[in-house]
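K.L.:
Chain by chain, the residues:
Number of protein chains: 2
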Amino acid sequence: MKIPEALLAFLNRERKFFIATHINPEADALGSSIALSIALESLGKETIVYDKDSVPEIYRFLPGQERFTNSISNSIRRGGQISNLILVDCNDRERAGLENIEFPYSSVIDHHETAREFGDIKWIDPKAPAAGLMIFYLIRGLGAKMTEDIAINLYSAIAIDTGTFRYSNTTPEALRIGAELIESGADPSLISENLYETWTENRFRLLLKVLDTLEIIDNVAITSVTIEMFKETDTAAEDTENFTGFTRMLKTTKVAAFFSEIEKDYYKVSLRSKGKINVAVIASTFGGGGHRNAAGYKIRSGLQAAKDALLRAIKQM
Amino acid sequence: MKIPEALLAFLNRERKFFIATHINPEADALGSSIALSIALESLGKETIVYDKDSVPEIYRFLPGQERFTNSISNSIRRGGQISNLILVDCNDRERAGLENIEFPYSSVIDHHETAREFGDIKWIDPKAPAAGLMIFYLIRGLGAKMTEDIAINLYSAIAIDTGTFRYSNTTPEALRIGAELIESGADPSLISENLYETWTENRFRLLLKVLDTLEIIDNVAITSVTIEMFKETDTAAEDTENFTGFTRMLKTTKVAAFFSEIEKDYYKVSLRSKGKINVAVIASTFGGGGHRNAAGYKIRSGLQAAKDALLRAIKQM
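Chains A and B, in that order, are what the protein sequence lines are.
In terms of the numbering used here, the first sequence opens at residue 1 and continues consecutively.
In terms of the numbering used here, the second sequence opens at residue 318 and continues consecutively.
This is chain A alone, in the form it adopts within the complex (with noise of 0.2 Å):
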């Protein structure tokens, strides 16, 4: 993995940084911008970690989740603008809520395939299977030291993006990343049970609800939940976290689709794909966007209409 000499003269040549990820952050968004920000402080710059979103319940387990901040303080935003932006796991301001901010000067490190123009030095690398293994990179190519709360908070980042080492990304460079991770202080188990086995008795009877709405149509595995399911389970969208996967257990599936009622008439869908099938493309479609295995996008329309052009998008590709 090359870095560009130009993110690392960039970062040792400045003292201030804004480094922003995505809205909706999960552990390579996160882990991945929180290790940035250790690995930068402890070589004497100063870090102010940005998202538009606060970190999930599920995930504040990180160690320095805390240095994020949804406030945009105005040391920072002078007139408007802020320089030395480093955008980790997206490449757009849009994805990480900052539209209306210029950047005057700005890196953007990221894995996603559906890459736009923004950023004067851009790091963007769909082959890595998370962000998180390009921070590891950029952490060594700086000369800063692994500590245990970088190694936790990259080893949760290379696991999800991976499904703990589960997905078609996982190469023999994540495994031997992660063989090191562990021995720079992460726990493997202790990382999985933050990550997957900290479900709420709320949370798991909502699964159960979802579980229950399976249709499958042509090898497409789709569930939803309803705003009334949340009302009786006494449950949020944010617990809806990595429900869309589970119906890939099931042999016919190709895709799984799982849709997720934000208001009347207007639906979040998730899309996970086994093998070949790429529901980034078909998330683009949509308006949306993602990986090639797992993607999202959203729609105003009725369930059953949504459900539809779901799957005549999936026949036509």
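It cannot be assumed that every hint is accurate.
Ranges of calculated distance between the beta carbons of each label pair, as one might list FRET restraints [to be verified]:
hint, chain 1, residue 1, chain 2, residue 2, range
1, A, Glu14, B, Thr515, 46 to 56 Å
2, B, Arg493, A, Glu201, 53 to 63 Å
3, A, Gly275, B, Gly619, 38 to 48 Å
4, A, Glu228, B, Gln621, 31 to 41 Å
5, B, Asp437, A, Pro56, 55 to 65 Å
6, B, Thr515, A, Glu41, 45 to 55 Å
No more than 16 Å apart at the CA atoms, straight line, and that leaves these computed lysine to aspartate or glutamate pairs for EDC-like [stated by the list, open to error]:
hint, chain 1, residue 1, chain 2, residue 2
7, A, Lys209, B, Glu514
8, A, Lys254, B, Asp529
9, A, Lys52, A, Glu66
10, B, Lys593, A, Asp187
11, A, Lys298, A, Glu94
12, A, Lys52, A, Glu238
13, A, Lys251, B, Glu518
Quick caveat, the hints were computed from the structure, so don't treat them as lab data.
Heads up, the beta-carbon is just placed ideally off N, CA and C, and yes, glycines get one too.
Got chain A; can you put chain B on it based on the hints?
P.N.:
What follows is chain B alone, placed relative to chain A:
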């Protein structure tokens, strides 16, 4: 990992081997046995690979699984004796259903904690995450080629016993060997799909019924299946493979227990634990066994009495 010299000498010296593993075999038992058979045969040896039970449907993707036989041929059984036994992933004759056969010369390769006195050559390493890891070193020690078929079997073996690198037995070494096995031809996503994502719809409906039985008592998450549920969903006991671990996802779960009705007032009980609770010890009080975080036993009693007995045993830990 130190392979006993006597084991290498035995495998190099002899020409015919009877490789056997435990009843109710899973991917570690199966993959380790198949890999060893392929490697020994590549060195000009003859092997018979034995399991008392058939290879479960979900493990028939393992290349070389057709090597398994569940009949002890007369050519081997000279007067009720079998020489040159290699017992894999278990360490006594009973676990392999071979209690009535004499073994004039035998070796044991295992990583279970509850070691018995059986075997002329014993290589028992409870620190090994999987028997597959031991076989990896053994194959290298024998100088056999690490073929794609061997790699797939060993990767599957390590994957199933570490929860694909999620359990507390996930070591840097396990990840690095995983990386080597990918380089030798194991496809991590294809293996994960085969291990976790080949469910029939009937099996999925059975899981939903089982999860609906959830009770949480003193941080023990209890689920159960009845013969009636098997009938309703056209499934059988082997379809409940991996059901026990599902309720580990609940934050409050310290022990996950799954009661499977074999016949009226007779249950198979599977236990999984998080963290430090040693369920092998609990299972052994009921005449069963296993690993620290995964164990099981059978009990003749009604369901409620069986649950109560387990809860008492856990409390006394």
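K.L.:
Could you run down the list of hints and mark each one as holding or not?
P.N.:
Comparing the hints with the structure gives:
no.: 1; hint: A:Glu14 with B:Thr515: 46 to 56 Å; result: holds, 51 Å
no.: 2; hint: B:Arg493 with A:Glu201: 53 to 63 Å; result: violated, 38 Å
no.: 3; hint: A:Gly275 with B:Gly619: 38 to 48 Å; result: holds, 46 Å
no.: 4; hint: A:Glu228 with B:Gln621: 31 to 41 Å; result: holds, 35 Å
no.: 5; hint: B:Asp437 with A:Pro56: 55 to 65 Å; result: holds, 56 Å
no.: 6; hint: B:Thr515 with A:Glu41: 45 to 55 Å; result: holds, 47 Å
no.: 7; hint: A:Lys209 with B:Glu514; result: violated, 21 Å
no.: 8; hint: A:Lys254 with B:Asp529; result: violated, 27 Å
no.: 9; hint: A:Lys52 with A:Glu66; result: holds, 14 Å
no.: 10; hint: B:Lys593 with A:Asp187; result: holds, 14 Å
no.: 11; hint: A:Lys298 with A:Glu94; result: holds, 15 Å
no.: 12; hint: A:Lys52 with A:Glu238; result: holds, 15 Å
no.: 13; hint: A:Lys251 with B:Glu518; result: holds, 8 Å
Checked against the numbered hints above, the structure breaks hints 2, 7, 8 and satisfies the rest.
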